[in-house]
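Visitor: This is what each chain is made of:
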Amino acid sequence: MKTKYWILCLAGIFALCLGLSVFLFSGEQGNYAEIFSDGKQIARVDLRQDQVLRVETAQGGCNEITIKGGKIGVTAASCPDHICMHRGRCSQGAQIVCLPNRLVIRFSPSKELDTAAG
Amino acid sequence: MKRLFLLLITLPLLLWGCGEPNATQTIFAMDTVMTFQVWGTDAPQAVQRISHTISDLESCYNREGLARGAADPAVLQEALDLSRRTGGAFDPQLGSVTALWNFTAEDPKIPTAEQIRDALQEKTWDLGGALKGYAGQKCVGLLKEMQIDRAILNLGGNVQTYGQKKDGTPWQVGIQNPQGGDPVGILAVEGTASVVTSGDYQRFFEVDGVRYHHIIDPKTGYPARSGLRSVTVICRDGMTADCLSTALFVMGLEQGSAFWRDSLDFEAVFLTEDGKIYATQGASLSGCDYEVIRR
Chain B
0 MKTKYWILCL AGIFALCLGL SVFLFSGEQG NYAEIFSDGK QIARVDLRQD QVLRVETAQG
60 GCNEITIKGG KIGVTAASCP DHICMHRGRC SQGAQIVCLP NRLVIRFSPS KELDTAAG
Chain C
0 MKRLFLLLIT LPLLLWGCGE PNATQTIFAM DTVMTFQVWG TDAPQAVQRI SHTISDLESC
60 YNREGLARGA ADPAVLQEAL DLSRRTGGAF DPQLGSVTAL WNFTAEDPKI PTAEQIRDAL
120 QEKTWDLGGA LKGYAGQKCV GLLKEMQIDR AILNLGGNVQ TYGQKKDGTP WQVGIQNPQG
180 GDPVGILAVE GTASVVTSGD YQRFFEVDGV RYHHIIDPKT GYPARSGLRS VTVICRDGMT
240 ADCLSTALFV MGLEQGSAFW RDSLDFEAVF LTEDGKIYAT QGASLSGCDY EVIRR
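So the protein lines, in turn, are chains B and C.
Using numbering that gives the first Met the number 0, read the first sequence as starting at 0 and increasing by one per residue.
Using numbering that gives the first Met the number 0, read the second sequence as starting at 0 and increasing by one per residue.
These are computed hints drawn from the structure, not numbers from a lab.
Even glycine gets a Cβ: it sits at the ideal position worked out from N, Cα and C.
Only true hints are included.
Listed next, the stretches of chain C that the computed footprint assigns to chain B, with coverage defined by at least 3 CB atoms under 8 Å from CB atoms of chain B: (1) 21 to 35; (2) 145 to 158; (3) 166 to 173; (4) 183 to 195; (5) 198 to 208.
Turn these sequences into a full structure, and let the hints steer you where they fit.
Guide: Now the structure itself:
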């Protein structure tokens with residue numbers, strides 16, 4: 000009886016650890032993006048939730064970020080080149096960058112993609 | 000019973016312990032954004048050292064550094080060798096021309112034909128088309144020295160992979176879509192390699208609907224018009240990958256394919272202005288339709 004109790008107990012711990020391992024090391028796959036302004040993370044957004052964010056810099060620069068239909072992109076920007084806006088809306092791949100405003104949008108890792116060149 | 004007990008205790012601990020320490024850092028350097036992801040015991044120290052290496056290289060190889068002779072002569076020689084190899088399609092001495100175009104300025108302007116003609120006569124170093132690739136290569140040496148397990152460095156779109164992925168599968172590297180949106184295709188890259196893209200969408204300005212991009216044809220001094228939107232090169236050597244992506248963009252699809260047939264050290268993916276994708280036969284590309292360039 001005592002042996003059975005121990006086996007049950009240890010099996011329970013094992014199952015718990017296994018579950019935790021899977022949870023901790025699989026990570027959240029895709030669907031999230033982190034927004035950095037001047038090197039500091041200012042938001043972590045769920046790409047499944049449509050929204051519009053405005054990020055302002057201390058120097059008076061501004062980027063409007065739109066999340067719609069699982070994709071994120073810069074839809075308005077005060078920078079002169081608008082290279083950030085030319086990236087269009089993305090769900091994964093290379094980070095979206097606005098160099099003049101020091102804005103970076105980084106995607107959470109996905110199973111399909113480790114990074115992107117370009 | 001004792002064995003069962005040990006098994007039950009150690010198995011979850013082993014599973015728990017398989018997530019190695021890792022570190023990620025993003026920095027602004029070399030007029031771009033760089034992200035380092037490192038896995039291994041000394042990962043936090045490694046990202047710090049990579050960061051320092053990048054800023055050291057930047058100060059030695061920017062205009063001022065090159066002018067005061069801070070650059071390693073062996074690196075300059077390697078750049079000249081690559082220039083010769085590409086028949087001058089990559090030119091590390093176009094500094095006067097690139098300074099005229101000044102693509103990083105707030106309000107860049109089209110230089111006059113006379114200005115370009117004069118600038119083409121001068122031989123001024125500009126390692127913009129080689130430095131990020133060289134930096135990736137240098138970081139690989141550092142990662143090896145620190146016995147890092149694996150890393151993926153994105154140096155402003157220049158990708159440097161290091162080591163094997165934990166599950167043994169190849170690294171999955173997307174190729175950016177020049178028209179914006181998600182990557183056009185995914186390259187499977189084995190082990191330590193450099194993946195570099197040169198594209199007309201990376202740095203440019205437009206005047207009267209004409210795009211003036213940063214990849215200058217050394218023969219004309221104007222942005223290369225070769226019918227391509229981007230070229231991606233996969234190569235074991237970072238600096239070679241960087242220089243060749245620029246050179247192949249300048250050459251265009253036909254001449255670039257011929258150059259690849261004469262070489263054995265790289266693979267390439269060409270994206271044309273009419274939206275077609277061409278990949279050399281050794282490039283493991285997926286997620287898109289493309290034509291294979293054969294030897």
